[in-house]
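J.: Residue numbers (the numbering used here): 10 to 518.
Simulated from the structure, these hints should not be mistaken for laboratory data. Hints should not be assumed to be uniformly reliable.
Claimed, not checked - Now the in silico label distances, taken between C-beta atoms and shown as ranges: (1) Glu367 with Thr462: 52 to 58 Å; (2) Ala328 with Pro223: 50 to 56 Å; (3) Ala336 with Gly428: 55 to 61 Å; (4) Val499 with Asp408: 31 to 37 Å; (5) Glu367 with Asp266: 55 to 61 Å; (6) Thr205 with Asp302: 30 to 36 Å; (7) Pro255 with Ser323: 19 to 25 Å; (8) Ser323 with Gln272: 52 to 58 Å.
If you're wondering where the values come from, they're calculated on a predicted model, not measured in any experiment. Just so you know, even glycine gets a beta-carbon here, dropped at the ideal spot from N, CA and C.
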Amino acid sequence: MTEQYQRVQPTPFDAPAETPASATSTTDARPQWLLPAFAGLGLLALIVVFVLPRWVDSQDDNSAAPGGTAISAQSPAGTKPAATSPAREAAEPASPFADARAAKARAEAQELLAELLDVQENLEERGALEWAGDAMETIAAQALAGDELYRDREFDAAIEQYQQALGEALALEQSLPERFEQQIEATRAAIEDLDTPSATASLAIAETLEPGSPEAAELALRLNVLPEVVTRVLAATDAEAAGDLPAAVANMQAAADNDSAHQRVQSELQRLKVALTEDRFNAAMSEGYAALDDADFDTAQQRFERAGALSPGSSEAAAALQELSVARTAATLQRLQNRGSTLLQEEDWSAAIKIFEEALAIDQSLRFAREGLAVAKPRGQIEKELTAIVQQPERLVDDAILREAKNSLARAQSLGGLGPRLSAQVEAARDVLSVASTPLPVTIASDGLTEVTVYKVARLGLFDSQELSLRPGQYTAVGSRRGYRDVRVVFNVSPANTAPVYIACNEAI
10 MTEQYQRVQP TPFDAPAETP ASATSTTDAR PQWLLPAFAG LGLLALIVVF VLPRWVDSQD
70 DNSAAPGGTA ISAQSPAGTK PAATSPAREA AEPASPFADA RAAKARAEAQ ELLAELLDVQ
130 ENLEERGALE WAGDAMETIA AQALAGDELY RDREFDAAIE QYQQALGEAL ALEQSLPERF
190 EQQIEATRAA IEDLDTPSAT ASLAIAETLE PGSPEAAELA LRLNVLPEVV TRVLAATDAE
250 AAGDLPAAVA NMQAAADNDS AHQRVQSELQ RLKVALTEDR FNAAMSEGYA ALDDADFDTA
310 QQRFERAGAL SPGSSEAAAA LQELSVARTA ATLQRLQNRG STLLQEEDWS AAIKIFEEAL
370 AIDQSLRFAR EGLAVAKPRG QIEKELTAIV QQPERLVDDA ILREAKNSLA RAQSLGGLGP
430 RLSAQVEAAR DVLSVASTPL PVTIASDGLT EVTVYKVARL GLFDSQELSL RPGQYTAVGS
490 RRGYRDVRVV FNVSPANTAP VYIACNEAI
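Go ahead and model the full structure; you've got the sequences and the hints to work with.
T.: In structure tokens:
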């Protein structure tokens, strides 16, 4: 509000006397701005509505009487009293009709002024002097012009001035909700822009426009924490610039915790979280590929799975895990191939068979595994048979077993590329079969009373001594005699054992 703004005051509306003695030139009575006077508006309204009409009527009666003295409105200090207008000098003599018309005009003017005062008071309480100073000056000027016209008894013109002033005042009053919303939005925008001074100024106007507004109260709470929000946002910005995304997210999260309604902070928080997630994703992928290059498959899997968890549905993480699976399978097969080859060289046929079967369980088309099995399986079987020949030579007394043993030896000798171990087993089996195939003389003695039978050899009958030609091995002789308990004798035939075998039934029943 400029220094020229004067609050609309209730004017005494004192009509000047219509005598020639009081007439002066109108050129000396220019309207002056009233001094600022912000008195009690309620009292003024009461004066205007109830006291002023009776007082003006009284003055009109005095002015109509001969020799009456007019009471003029107070002028600012140092100014001359208002002069009587020429129109008043030429006024027609009073008549009942004219008096009634003037009274009606005065009443209308007074009603307009009273309403104007109410609106002006409301506007001032809503801070209009701050946000509409020029308009308030215009309203005051129009009201003062109306006062001059009223004092000059130009009631219609005064009413027009009051109506203009009231119209503009009402327009301002009607704009209060819109202006309030504008200031609320300006406050929100300033808070979003982290502009504390602008937000403070806009909110102050909004609180004046609509005291007790819940919206303003909510924004006041946000404004109280805005300095801390600004501090956290700046810290987050500095941390991001330094490449410290975790610190940036932590500071922006703190800002969001202080003002959860701050859209810019929420947006920045989401952006920083995405950036941090991408950073961690890229780090996990890089670590995974580094581990993959070092054939550290377990570590690579952990890193790629972490990347997939950070970015669900990521095609990059899925492709990396697929690549890992292929590399791990290839490494496993290579290990199995190397191990199988070593076991073949070591002639560890059973272990080699397990390795090649494990490889084929992964991929049935593996050539090295198929070829490895073709070598290991027959040699493993031959090894078992040759081992049985060498470790159980006594079984060779059975002609069928002896034939099988000779067949096993023949198959072993037919295999090409025999290693040292299998060659030694073939030699040992050959020696055992050679001995097992050569009969040795064996003396069987008895008492001449016992019926003797050598299982799988012959029924010898009764004799005192008899010599048999038997292949090395284990034999069983059975003796029987009427009235005596049967006897059984198991004996071994070998070049190292040439002792006679005695069998007789001596225990009577």
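J.: State for each hint whether it applies.
T.: Evaluated hints:
1. Glu367 with Thr462: 52 to 58 Å: 54 Å, holds
2. Ala328 with Pro223: 50 to 56 Å: With Cβ atoms ~54 Å apart, the hint holds.
3. Ala336 with Gly428: 55 to 61 Å: 34 Å, violated
4. Val499 with Asp408: 31 to 37 Å: With Cβ atoms ~19 Å apart, the hint is violated.
5. Glu367 with Asp266: 55 to 61 Å: 57 Å, holds
6. Thr205 with Asp302: 30 to 36 Å: 53 Å, violated
7. Pro255 with Ser323: 19 to 25 Å: 21 Å, holds
8. Ser323 with Gln272: 52 to 58 Å: Check failed, 29 Å falls outside 52 to 58 Å.
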